[in-house]
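> Let's have the full structure, built from the sequences with the hints guiding it.
Going down the list, the sequences are from chains G and B. Numbering-wise (this note's numbering), the first sequence opens with residue 1 and increments by one. Numbering-wise (this note's numbering), the second sequence opens with residue 391 and increments by one.
Accuracy of the hints is not assured; some may be wrong.
What the hints assert, rightly or not - Residues from chain B that face chain G, not an exhaustive set, calculated with beta carbons under 10 Å:
| id | residue |
| --- | --- |
| 1 | 537 |
| 2 | 541 |
| 3 | 550 |
| 4 | 552 |
| 5 | 559 |
| 6 | 564 |
| 7 | 718 |
| 8 | 725 |
| 9 | 732 |
| 10 | 735 |
Calculated from the structure, these hints are not laboratory results. Cβ coordinates follow ideal geometry from the N, Cα and C atoms, glycine included.
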Amino acid sequence: MLEGLIGGLFNGISIGAVLLIVALGLAIVFGLMGVINLAHGELMMFGAYTTFVVQNAAKSMGGIAPDLYIFAALPLAFLVAALLGLLLERTVIRYLYGRPLETLLATWGVSLILIQFIRSVSWPMVIGLVVFAALFFVGRWVLTRYTDWDRISSWANPVFLGLSGAIAALTWFLTQSSGSAQFARPWFGARNVDVTPPSWLRGGITLGNTLQFPSARLFIIALTIICLAAVYWFLNGTAWGLRIRSVTQNRGMSACLGIPTGQVDAITFALGSGLAGIAGFAVTLLGSVGPNLGGNYIVDAFMVVVVGGVGKLVGSIVAAMVIGITTYLLGSGTMALLFPPSDFFQPIIGFFTFFATTSMAKVLVFALIIAFLQVRPAGLFPPKGRSVEL
Amino acid sequence: MTTNVAVQPRRAAKASEKRKLMIEVVAVIAIALFLILILPMLLSGFRLNLVGRFLALAIVALGIDLIWGFTGLLSLGHGIFFALGGYAFAMYLELNTLGEGQLPEFFGLYGVTELPLFWQPFNSLPFTMLAIFTIPAIVAGLLGYLVFRNRIRGVYFSILTQAALVVFFNLFNGQQKLINGTNGLKTSTSVFMGQQVGSDGMRMFFYISTVIALIAMYALCRWLTSGRFGRMLVAIRDDENRVRFSGYDPTAFKVLVFAVSGAIAGIAGALYTVQSGIISPQVMDIAFSIEMVIWVAVGGRATLVGAILGAVLVNMARSLLSERFPDVWLFFQGALFLIVVTALPDGIIGWGRRQFGLAVSSALGLSSTDLPYLDDTPTPEPIVETPEYAEK
Numbered sequence: 001m002l003e004g005l006i007g008g009l010f011n012g013i014s015i016g017a018v019l020l021i022v023a024l025g026l027a028i029v030f031g032l033m034g035v036i037n038l039a040h041g042e043l044m045m046f047g048a049y050t051t052f053v054v055q056n057a058a059k060s061m062g063g064i065a066p067d068l069y070i071f072a073a074l075p076l077a078f079l080v081a082a083l084l085g086l087l088l089e090r091t092v093i094r095y096l097y098g099r100p101l102e103t104l105l106a107t108w109g110v111s112l113i114l115i116q117f118i119r120s121v122s123w124p125m126v127i128g129l130v131v132f133a134a135l136f137f138v139g140r141w142v143l144t145r146y147t148d149w150d151r152i153s154s155w156a157n158p159v160f161l162g163l164s165g166a167i168a169a170l171t172w173f174l175t176q177s178s179g180s181a182q183f184a185r186p187w188f189g190a191r192n193v194d195v196t197p198p199s200w201l202r203g204g205i206t207l208g209n210t211l212q213f214p215s216a217r218l219f220i221i222a223l224t225i226i227c228l229a230a231v232y233w234f235l236n237g238t239a240w241g242l243r244i245r246s247v248t249q250n251r252g253m254s255a256c257l258g259i260p261t262g263q264v265d266a267i268t269f270a271l272g273s274g275l276a277g278i279a280g281f282a283v284t285l286l287g288s289v290g291p292n293l294g295g296n297y298i299v300d301a302f303m304v305v306v307v308g309g310v311g312k313l314v315g316s317i318v319a320a321m322v323i324g325i326t327t328y329l330l331g332s333g334t335m336a337l338l339f340p341p342s343d344f345f346q347p348i349i350g351f352f353t354f355f356a357t358t359s360m361a362k363v364l365v366f367a368l369i370i371a372f373l374q375v376r377p378a379g380l381f382p383p384k385g386r387s388v389e390l
Numbered sequence: 391m392t393t394n395v396a397v398q399p400r401r402a403a404k405a406s407e408k409r410k411l412m413i414e415v416v417a418v419i420a421i422a423l424f425l426i427l428i429l430p431m432l433l434s435g436f437r438l439n440l441v442g443r444f445l446a447l448a449i450v451a452l453g454i455d456l457i458w459g460f461t462g463l464l465s466l467g468h469g470i471f472f473a474l475g476g477y478a479f480a481m482y483l484e485l486n487t488l489g490e491g492q493l494p495e496f497f498g499l500y501g502v503t504e505l506p507l508f509w510q511p512f513n514s515l516p517f518t519m520l521a522i523f524t525i526p527a528i529v530a531g532l533l534g535y536l537v538f539r540n541r542i543r544g545v546y547f548s549i550l551t552q553a554a555l556v557v558f559f560n561l562f563n564g565q566q567k568l569i570n571g572t573n574g575l576k577t578s579t580s581v582f583m584g585q586q587v588g589s590d591g592m593r594m595f596f597y598i599s600t601v602i603a604l605i606a607m608y609a610l611c612r613w614l615t616s617g618r619f620g621r622m623l624v625a626i627r628d629d630e631n632r633v634r635f636s637g638y639d640p641t642a643f644k645v646l647v648f649a650v651s652g653a654i655a656g657i658a659g660a661l662y663t664v665q666s667g668i669i670s671p672q673v674m675d676i677a678f679s680i681e682m683v684i685w686v687a688v689g690g691r692a693t694l695v696g697a698i699l700g701a702v703l704v705n706m707a708r709s710l711l712s713e714r715f716p717d718v719w720l721f722f723q724g725a726l727f728l729i730v731v732t733a734l735p736d737g738i739i740g741w742g743r744r745q746f747g748l749a750v751s752s753a754l755g756l757s758s759t760d761l762p763y764l765d766d767t768p769t770p771e772p773i774v775e776t777p778e779y780a781e782k
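Structure representation (structure tokens):
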């Protein structure tokens with residue numbers, strides 16, 4: 001009984017840890033900018049694919065590299081996702097501040113593009129993209145230098161976009177059809193790819209007779225704790241962290257006091273995206289990785305943000321743990337076992353048995369979340385203030 | 391434009407309103423006649439069936455426009471209501487096809503020997519016809535009440551509807567014994583009013599029903615958005631706090647309009663199901679529900695014609711592109727989201743209005759629904775010194 005409970009708790013915490021590491025970046029960005037980033041899951045996927053690439057490189061090196069690749073993959077996954085996030089913020093989201101619903105739709109568009117990009121990225125496509133970037137940006141740069149750009153920009157921008165897009169598409173098509181099959185093959189394709197964890201993460205620790213703690217799960221819990229500590233230190237111990245907290249509390253006042261809110265937004269978005277990359281790295285240890293990876297985690301992560309409330313890390317931590325443990329206890333059928341099998345408890349046991357699969361547990365958890373929001377609509381730790389807005 | 395109307399004598403304004411309405415009615419009837427009488431002669435059965443499906447989807451777009459374009463509530467979970475309507479009709483068709491005391495075939499696979507209780511009422515056609523829109527309306531109303539009551543709004547509302555969508559997907563997907571899980575319910579071989587649903591005659595019947603339903607829903611939305619109720623919705627969209635401080639209760643209006651929107655989606659779901667031949671949990675895919683939103687955005691928010699136009703155009707583009715270049719479709723769709731949000735916030739209709747001015751729109755009788763979508767942060771009015779003030 002006790003072992004079962006400890007085992008259940010451990011599994012719940014490990015689910016919660018994955019949720020937390022996914023939701024962490026989301027919560028920070030949402031707290032600061034009020035932006036729901038639907039492409040968060042796809043940034044995660046990019047982190048996961050970075051890990052896959054690093055692992056393949058390590059495999060080809062041989063020696064002890066396949067055992068140590070994760071130490072290279074972790075910072076790289078962070079970097080790739082952070083840079084992608086920075087690009088996204090600078091090119092799209094920056095123009096949509098104050099319009100949260102539009103941002104949501106725009107990030108969904110970005111996520112579709114990223115999914116299809118991973119599915120069909122190949123050398124011809126990369127060449128096409130480079131051609132496009134070269135034509136469009138160099139052309140614009142030339143025009144801004146030698147002509148009155150402000151006067152012609154209204155028509156020159158679309159024309160340039162269309163022209164360089166068409167030439168790039170043509171290049172893509174030509175290289176695709178003329179090059180060898182090996183050259184034109186997609187890098188990853190639409191199928192899932194497998195990342196093998198290093199050998200020292202494959203086993204587990206056994207306590208007593210039945211208690212098993214898989215190393216990969218333990219590693220993810222440790223990683224989550226380290227990330228939390230790092231984010232806590234960054235927010236509370238550095239100058240930029242202070243600025244981020246200040247903008248979170250009151251954007252207008254911070255801007256008046258000389259805090260560069262634009263830079264703060266960019267840094268925060270990059271940080272949140274980088275954390276998504278780390279989450280992507282973490283989930284490669286649990287199973288295979290595919291273009292649709294993000295969708296599996298993102299809705300649960302949103303629920304963590306909704307329950308936890310914005311502005312405090314501890315809200316996300318508690319929410320992730322509670323949701324993770326509840327989901328596991330319900331989904332594994334542990335709840336039904338807690339009641340003695342008598343006629344009196346039969347309806348309750350029947351009720352819990354009905355919900356005793358992972359997907360059905362989510363149904364009940366959602367009902368509980370809605371019930372919880374009736375009591376605390378702004379989450380566990382709402383920001384204090386007199387604003388009429390939530 | 392509103393000021394012009396206010397300056398005119400009231401009677402003239404009323405007459406002009408009436409004339410606009412007449413033009414609109416004539417236009418709608420003309421389009422309906424074209425769709426019902428002429429289009430079937432021009433298109434093959436397969437293409438006509440596609441058009442019928444698109445028109446069914448245009449009905450959902452109307453419902454989404456009602457809550458998003460006019461009330462500012464972005465629902466990412468309309469697949470729920472669409473599926474509920476579809477399942478309600480499909481369940482009736484399953485039962486209708488069978489003789490007395492028989493069970494739908496799939497129940498045998500899972501060893502179910504007795505019809506589950508919630509299937510029983512679907513033996514009756516009148517109940518089913520009611521259920522197609524009342525069940526989605528009740529679910530939407532309940533969800534809306536529980537969320538809006540606590541003044542949860544904006545993106546919170548959006549992601550809660552999305553989570554609800556996932557929950558309903560799990561519920562339908564996981565219950566093989568009750569509702570045939572992933573496989574869904576097939577309707578193409580079942581019997582409705584003595585004929586097979588997939589037969590040519592029945593297809594034509596459902597096509598015409600879809601056109602009529604679309605016009606009825608358009609009229610409903612038009613009526614809801616043009617009177618005091620419509621102005622209330624726009625007020626909630628533009629400044630909910632001010633509405634509350636003026637002594638109105640936004641919650642009741644939001645719950646009502648969300649329920650109406652759910653009911654509309656339910657009707658669309660039923661019509662779509664019989665034309666596509668199957669309903670499965672796939673229609674509660676996250677992507678499909680967000681796509682519904684983009685139809686409205688492409689056509690133009692807060693214009694009902696825009697919602698219909700957007701739904702038909704995007705779906706046509708989808709069937710053209712994904713037939714030939716399946717890889718490109720997602721890129722195209724993603725770009726569509728980005729373009730609509732950044733460059734074309736008023737959609738095709740808004741762009742057309744800016745380009746071609748008042749003449750066309752008033753000739754078409756559109757200008758009376760002219761309630762352009764505002765940003766969440768309205769730009770402050772520039773302070774202009776009035777001449778009298780300057781003289782002093």
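> Next step is simple, just say for each hint if it's right about the structure.
Each hint tested on the structure:
1. 537: Where the cut-off is 10 Å and the nearest Cβ of chain G is about 7 Å from residue 537/B, the hint holds.
2. 541: holds (6 Å)
3. 550: holds (7 Å)
4. 552: holds (6 Å)
5. 559: holds (8 Å)
6. 564: With a closest approach of 5 Å, the residue 564/B hint holds.
7. 718: holds (8 Å)
8. 725: Since the shortest Cβ distance to chain G is 7 Å, the answer is holds.
9. 732: This hint holds: residue 732/B lies near chain G, its Cβ roughly 6 Å from the closest one there, short of 10 Å.
10. 735: holds (7 Å)
Hint compliance for this structure: no hint is broken.
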